[in-house]
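Asker: Chains as they are written, first to last, in numbering that gives the first Met the number 0: chain A, 0 to 382; chain B, 0 to 382.
Since copy identity is lost for identical chains, a pair holds within one copy or between any two.
The list that follows gives simulated cross-link-like pairs (lysine to any residue, SDA-like), each with its CA atoms no further than 20 Å apart:
| no. | residue 1 | residue 2 |
| --- | --- | --- |
| 1 | K327 | E317 |
| 2 | K121 | R255 |
| 3 | K154 | T1 |
| 4 | K102 | R304 |
| 5 | K327 | R109 |
| 6 | K154 | G52 |
| 7 | K154 | D53 |
| 8 | K102 | G273 |
| 9 | K24 | G273 |
I should point out that these hints are in silico values taken from the structure, not numbers from a laboratory.
Chain by chain, the residues run as shown.
Protein chains: 2
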Amino acid sequence: MTTIPSVPVPLSGERFCVVYCLAAKDEAEAREKARDICLEQTVEFPDDLVPDGDIRDHILGCIESFERRDAHHFETVISYAVETSGFELTQLLNVVFGNSSIKPGIRVERLDLPDSLLHAFKGPRFGRDGLRAWLNASHRPLLCTALKPMGLPPKELAYLAYQCALGGIDIVKDDHGLADQSFSPFTERVQRCAEAVAQANRETGLKRIYMPNVTGPASRVVEHALFAKQAGAGGLLFSPGLAGLNLMQQLADDDRVGLPIMTHPAWQGSFVTGPDNGISHYALFGQIARLAGADASIFPNYGGRFSFSREDCQSIAEGTTAPMARIKSIFPAPGGGMSLARVPEMLDLYGRDVIFLIGGGLHRQGPNLVENCRHFHQLVAER
Amino acid sequence: MTTIPSVPVPLSGERFCVVYCLAAKDEAEAREKARDICLEQTVEFPDDLVPDGDIRDHILGCIESFERRDAHHFETVISYAVETSGFELTQLLNVVFGNSSIKPGIRVERLDLPDSLLHAFKGPRFGRDGLRAWLNASHRPLLCTALKPMGLPPKELAYLAYQCALGGIDIVKDDHGLADQSFSPFTERVQRCAEAVAQANRETGLKRIYMPNVTGPASRVVEHALFAKQAGAGGLLFSPGLAGLNLMQQLADDDRVGLPIMTHPAWQGSFVTGPDNGISHYALFGQIARLAGADASIFPNYGGRFSFSREDCQSIAEGTTAPMARIKSIFPAPGGGMSLARVPEMLDLYGRDVIFLIGGGLHRQGPNLVENCRHFHQLVAER
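I would like the entire structure built from these sequences, with the hints used as guidance.
Answerer: Take a look at the structure:
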């Protein structure tokens with residue numbers, strides 16, 4: 000065996016923690032998994048090759064606690080030196096779950112990050128308070144809809160946007176399937192839809208915003224965002240699973256952009272569909288979305304056409320506002336097959352700090368889209 | 000109900016196909032899932048709201064085939080108009096699996112893309128032949144190791160790099176946990192390690208390369224890649240799960256960079272750990288990695304400390320070389336806890352078009368790292 004040198008590693012002593020849920024046949028297997036995470040997420044070296052000294056004592060993950068949850072599930076808290084994260088998002092996530100994502104029976108439940116690490120993140124530019132101020136809506140729940148179906152040309156989408164804004168929908172966003180397609184080119188769509196919402200605002204005297212989807216090629220995302228801003232868009236839709244959490248963070252941090260960002264969960268589902276592997280709803284759609292600069296986090300509401308439970312959704316709402324130093328709270332934005340009839344029940348769960356995202360359901364109430372939107376607005380605002 | 004206008008949508012008639020595996024209690028449920036995918040991945044609208052005409056006839060996904068695999072699994076092929084992809088990676092992936100990723104029991108098995116769509120992708124810059132030429136290794140399997148453990152300073156990592164290159168390891172890469180940390184700053188590490196490998200090359204007259212990890216903040220990845228090239232790095236390590244497939248594609252397509260790219264699977268594991276949800280090994284580590292410009296795709300070998308099966312690994316190898324128009328074949332790079340003793344067995348499975356990635360195992364053979372590397376090289380080259 001070769002000898003890996005034992006070197007001093009200058010570290011502050013500050014550590015961050017990750018809560019993992021481990022699925023295992025028994026406690027011994029779970030303890031083995033916990034020890035394995037300590038190695039896998041840091042040195043990625045067999046234990047007997049790890050040199051003694053600072054690397055073994057401080058770079059390795061450290062099991063801070065371990066307890067049984069039920070017959071086959073165990074919870075462990077593992078800490079890591081803050082310096083392992085390089086104080087940036089991709090490497091932080093790598094330490095949290097890089098290689099362990101490839102092992103069955105390991106699920107990230109929660110991040111517990113000290114101020115010294117959180118200080119490296121600007122987080123959401125707007126957050127809840129900022130988005131409320133941006134929309135002149137200080138107390139009530141916010142309303143959102145998506146322009147669709149894919150296939151409509153910009154002119155038709157813009158007319159839908161006009162009607163929705165006129166009817167009182169605060170955020171009129173692109174469906175996440177609207178990209179830069181020949182039948183709906185990005186620039187034409189953004190110009191037409193932004194102008195349509197501006198026209199509605201001139202008529203109502205209110206402020207509704209259009210949020211185009213800027214998910215796309217890495218080299219064009221910032222360019223698209225700047226174009227959207229210049230065209231009058233009031234925010235941006237971004238799918239970090241498809242286009243990268245790090246690119247979303249760049250958009251959020253860029254002062255030239257300076258628009259609220261709403262995330263869409265496309266492509267991220269596989270992290271939460273397995274009960275024993277992946278990332279908790281709380282961490283993925285709450286904590287991590289905030290770290291990466293989202294101002295609102297879209298997720299499928301329970302009881303719609305997706306499979307999230309009421310508890311999953313509640314945990315996301317908690318993750319959007321759990322204390323994280325100066326990282327702002329953001330809006331949970333439940334959607335996905337919801338109907339107007341469910342608004343009261345959802346208000347009970349989420350309270351007023353929520354964005355209701357309703358797509359197809361908005362077309363069902365009656366033949367007039369503007370009236371349908373007004374009805375939706377009244378349902379929510381009257382509470 | 001409102002009326003969504005029926006509009007003509009100018010389309011070429013060309014379609015791409017996705018093979019999905021559906022888990023369901025019976026055929027009726029599986030057929031319902033297939034129909035649901037057709038809507039969810041395109042118009043994201045309830046069926047009764049979809050206007051007749053081109054949107055219903057051509058924008059909607061179309062079930063091309065449906066058959067039972069076993070009692071609870073069904074295979075369906077669904078086609079989509081190529082124009083829905085916007086002819087770019089993020090939107091293509093969105094149509095393939097955006098919202099469906101959030102639904103249990105849906106797994107992407109294979110992409111079948113026509114030349115008209117593949118033509119929009121440059122794919123790997125080097126591919127198998129290009130990387131062989133780059134390394135002056137026309138026939139034999141290639142050897143790779145990772146610099147670690149995290150915590151070592153650049154000088155110590157560089158000495159390891161020197162020894163590995165001297166011993167005949169073709170690709171000496173950063174461990175994917177080496178980022179831009181205070182104990183191993185990116186620029187100092189890259190300069191020292193590139194120089195160490197260059198020194199070994201001067202002594203041997205051979206060409207070995209150093210591949211630094213450029214996964215990181217979106218705004219710095221290209222800058223880091225250009226720095227690495229200028230410092231003499233011979234390739235780049237990138238973790239697309241953490242930093243984005245689209246950003247990797249940008250790196251691959253950028254003529255100023257022009258270096259081979261090797262992907263690391265960190266953070267991507269959750270796509271393949273659930274048997275009934277996610278993306279197949281073949282598609283994720285083979286087809287999609289190629290579309291996004293990787294020249295080699297690292298994955299955990301079967302029988303190591305991860306859970307991939309022999310069949311999973313074989314399917315990845317197939318995905319790295321399956322016909323995709325002008326998109327080049329790339330190298331499968333199995334690693335993860337493998338030992339020298341397994342080389343013969345792996346040669347039987349992968350043949351000579353493989354990169355053997357061996358990390359910790361390289362330190363076990365004997366006390367002299369250079370000799371251990373030479374032994375590894377002989378084991379492989381003599382076949």
